[in-house]
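**Student:** Start from the sequences and build out the full structure, keeping to the hints where you can.
There are 2 protein chains.
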Amino acid sequence: MKNNLELDNILKELPHGGNIYRAAKICKKAPSEIIDLSASTNPLITSREILKKIQKLFREISIFLDKYPDPECTQLKKIIAEKYKISEKAILCGNGSTELIYLSIRALSPDKVLIVEPTFIEYEKVTRISGVKKINRIFDLKKEKILKKLKTALKKEKVQAIFLCNPNNPTGWVIEKKKILEIVSEYPDITFLIDEAFIEFCEKESLLREATFYPNLIVFRSFTKFFGLAGLRLGYLVGNEKLIERLKNYKEPWSVNMFAQTLGVFLLTDKNFIKKSLQFFKKEKQYVETALQKIKVEFFPSVTNFYLLYLPKGLDLTKYLLKSGILVRNCYNFYGLNENYIRVSLKKRKENQKFLRVLKTWLKDLL
Amino acid sequence: MKNNLELDNILKELPHGGNIYRAAKICKKAPSEIIDLSASTNPLITSREILKKIQKLFREISIFLDKYPDPECTQLKKIIAEKYKISEKAILCGNGSTELIYLSIRALSPDKVLIVEPTFIEYEKVTRISGVKKINRIFDLKKEKILKKLKTALKKEKVQAIFLCNPNNPTGWVIEKKKILEIVSEYPDITFLIDEAFIEFCEKESLLREATFYPNLIVFRSFTKFFGLAGLRLGYLVGNEKLIERLKNYKEPWSVNMFAQTLGVFLLTDKNFIKKSLQFFKKEKQYVETALQKIKVEFFPSVTNFYLLYLPKGLDLTKYLLKSGILVRNCYNFYGLNENYIRVSLKKRKENQKFLRVLKTWLKDLL
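From first to last, the protein sequence lines stand for chains A and R.
Under UniProt numbering, the first sequence has 193 at position 193, and the numbering climbs by one with no breaks.
Under UniProt numbering, the second sequence has 84 at position 84, and the numbering climbs by one with no breaks.
Since the hints were made in silico from the structure, they are not lab data.
Just to be clear, a hint being listed does not mean it is correct.
Because identical chains share one entry, a pair is satisfied inside a single copy or across any pair of copies.
Simulated pairs of lysine-lysine, DSS-like, Cα-Cα distance not exceeding 27 Å [claimed, not checked]:
no. : residue 1 : residue 2
1   : 156       : 112
2   : 29        : 56
3   : 156       : 125
4   : 248       : 323
5   : 85        : 125
6   : 78        : 25
7   : 28        : 89
8   : 248       : 112
9   : 294       : 158
10  : 156       : 145
11  : 83        : 25
In this text, all values refer to a predicted model and were calculated from it rather than measured experimentally.
**Tutor:** Put into structure tokens, the structure is as follows:
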């Protein structure tokens with residue numbers, strides 16, 4: 001009885017992806033038994049070769065556990081600066097990019113914010129709790145229409161800040177850098193908050209370097225997704241030096257733990273990991289896309305490691321999958337979407353296969 | 001030249017304790033070579049026996065690195081609740097207690113705040129950046145006078161929130177629980193923010209349980225000091241359930257990393273660690289107090305693992321110590337104090353001895 005009751009509340013219980021703890025409770029398994037396709041994190045971080053190196057690092061730094069982490073993240077900023085050929089002064093590291101998104105809104109304190117929807121639901125949450133007076137939105141499920149709608153909206157009503165997730169979560173598309181920059185240049189009074197949590201899949205569209213000299217552009221980067229560091233929390237933002245100084249006034253000290261800083265340095269300098277991950281995802285994308293086409297499941301073209309699927313009776317599927325221990329992100333609480341939109345992330349072949357197998361069975365039962 | 005210049009700027013460069021990274025740069029050593037008496041963290045966490053257990057834990061959980069941490073900190077809250085016999089619903093975990101102190105002020109959004117000085121400088125910082133209109137202060141270096149001054153101040157002008165660090169950083173005294181509760185009861189409209197970062201040294205004065213039923217009382221606890229978990233960031237607050245629900249609306253998700261959650265559970269349940277640490281500090285306190293008395297250095301009586309010393313030419317001593325690789329907390333930027341107040345924390349015997357030796361030499365040179 002209790003179990004069913006919780007399964008009925010599945011949407012309310014799982015407002016975000018990645019909560020394997022609640023999911024496990026609902027389907028009466030251990031968290032480690034959940035196949036988590038709801039969080040778009042890179043599973044290769046726990047592959048044997050990388051894990052061995054990471055465990056060695058953990059052993060080495062554990063003797064400094066009683067030391068505060070470097071509040072400046074000096075070493076990590078140095079590596080980021082070298083990699084992207086930018087100034088260290090243009091970088092601010094955080095406890096996941098979420099801390100920095102919250103921090104930016106608090107520091108900028110905009111009256112009106114525009115959110116390009118459908119997108120990451122935390123943008124709305126942070127504006128709601130930070131005294132923002134009005135949230136405007138534009139919404140479309142066709143990528144081609146987004147920028148036109150944005151321009152029209154800006155002509156109609158001025159805002160002080162815009163949230164744009166690029167590549168976009170949950171649709172998986174990427175808007176060309178050039179096109180975004182046109183609008184950034186046209187509206188110097190609007191701060192563009194560009195969340196590049198998934199940009200490693202198409203680095204050429206990154207606005208990271210531009211953010212160091214456009215005064216109205218902030219770029220957020222994350223170690224959670226492509227680098228798979230979800231458990232330790234690490235992100236950074238890039239902006240012009242003046243802005244960074246302003247943001248620092250609002251920042252809590254020591255927010256980035258020592259382990260995250262160390263792993264950030266390690267992952268950015270391990271070229272093999274980046275190369276292997278790109279190859280791995282390319283293969284899995286081909287495999288899963290072909291399989292989905294074969295069973296005629298509608299999905300949005302994606303440059304990232306996740307896909308937005310459209311499936312009538314999506315809530316039923318979400319429950320059906322969870323009964324088999326597979327957690328997906330039901331997009332019921334994304335603005336403009338509903339429970340028939342489901343986001344699934346790519347994991348290792350075996351897990352992707354299991355998902356496809358259960359999905360197929362469900363589709364068959366449906367007929 | 002450059003080195004001297006940096007040594008001259010030592011105060012500006014080190015506004016907080018624990019920054020072994022900057023200190024190392026100033027005295028041209030490696031961070032690991034710094035004897036850090038500026039951060040009051042328990043060095044026993046890296047003693048061989050405990051470290052071995054911790055390294056085993058790290059190895060075990062590293063395979064979950066690509067999973068998001070539990071945003072609810074379910075397991076950790078369960079252990080805290082059991083230990084203190086309170087409800088899990090009265091607990092909120094954070095990325096160090098600093099996150100929760102910032103969060104509380106943002107959520108409560110008080111117009112006027114009173115700070116009991118001298119104390120942890122972050123209270124002032126968070127009020128300054130959170131739109132608090134007025135900061136009142138009371139200040140005394142005699143513990144007996146503090147509460148009387150507080151009562152007088154409250155009669156003169158109402159505030160919405162009060163910061164009280166108990167035991168107090170940097171003076172090291174503890175105010176009796178009973179006396180604080182009297183004022184908490186007398187002023188139900190004022191929220192009392194009690195920072196118990198060092199309460200493990202005198203648990204009987206903790207207001208943790210009271211915070212679950214007094215609607216105007218919040219208690220902050222930390223794993224940084226007594227448990228020595230500075231590098232991983234972990235803290236929690238205790239308050240009544242209604243307040244916790246309100247605070248949750250302002251909280252960033254996933255702020256407490258998976259490693260901190262796991263170590264928190266481990267340290268709270270390892271009774272040996274708590275017992276051994278208390279014994280260890282008792283011994284070191286006796287040793288250092290006797291030594292300081294012998295060389296006639298003035299210090300404040302302390303219930304904690306740190307001492308506030310008063311030394312004319314304190315800035316000179318701070319520099320002198322750092323030249324020997326010893327970092328202390330010069331209290332120049334604590335309200336009401338100046339550069340002749342120095343806070344030193346207890347580390348292992350060998351390090352305490354080295355500090356006393358260098359201090360003695362400096363005193364001799366002074367004559």
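**Student:** Could you run down the list of hints and mark each one as holding or not?
**Tutor:** Okay, the hints, checked on the actual structure:
1. In this assembly of identical chains, residue 156 and residue 112 lie within 27 Å of each other by CA distance solely inside one copy; the values are 13 Å within and 40 Å between copies.
2. With identical chains, the CA atoms of residue 29 and residue 56 are at most 27 Å apart between copies only, with a shortest distance of 24 Å across copies and 31 Å within one.
3. In this assembly of identical chains, the alpha carbons of residue 156 and residue 125 lie at most 27 Å apart only when taken from the same copy (24 Å versus 39 Å across copies).
4. Taking identical chains as interchangeable, the C-alpha atoms of residue 248 and residue 323 are never at most 27 Å apart, the minima being 46 Å within one chain and 30 Å between chains.
5. Taking the closest pair of Cα atoms, residue 85 and residue 125 never come within 27 Å of each other, the shortest separation being 33 Å inside a single copy and 33 Å across copies.
6. Only between protomers do residue 78 and residue 25 lie at most 27 Å apart by alpha-carbon distance; the minimum there is 15 Å, versus 42 Å within a single protomer.
7. For the identical chains of this complex, residue 28 and residue 89 are inter-copy neighbours only, at 22 Å across copies versus 48 Å inside a copy, given an alpha-carbon limit of 27 Å.
8. Taking identical chains as interchangeable, the C-alpha atoms of residue 248 and residue 112 lie at most 27 Å apart whether they share a chain (23 Å) or sit on different chains (24 Å).
9. Proximity of residue 294 to residue 158 under the C-alpha cut-off of 27 Å is found in neither arrangement, the shortest distances being 46 Å within a copy and 70 Å between copies.
10. Taking the shortest Cα distances, residue 156 and residue 145 sit within 27 Å of each other inside one copy (17 Å), while across copies they are farther apart (61 Å).
11. In this assembly of identical chains, the alpha carbons of residue 83 and residue 25 lie at most 27 Å apart only when taken from different copies (23 Å versus 42 Å within one copy).
The structure does not agree with the numbered hints 4, 5 and 9 stated previously, though it agrees with the rest.
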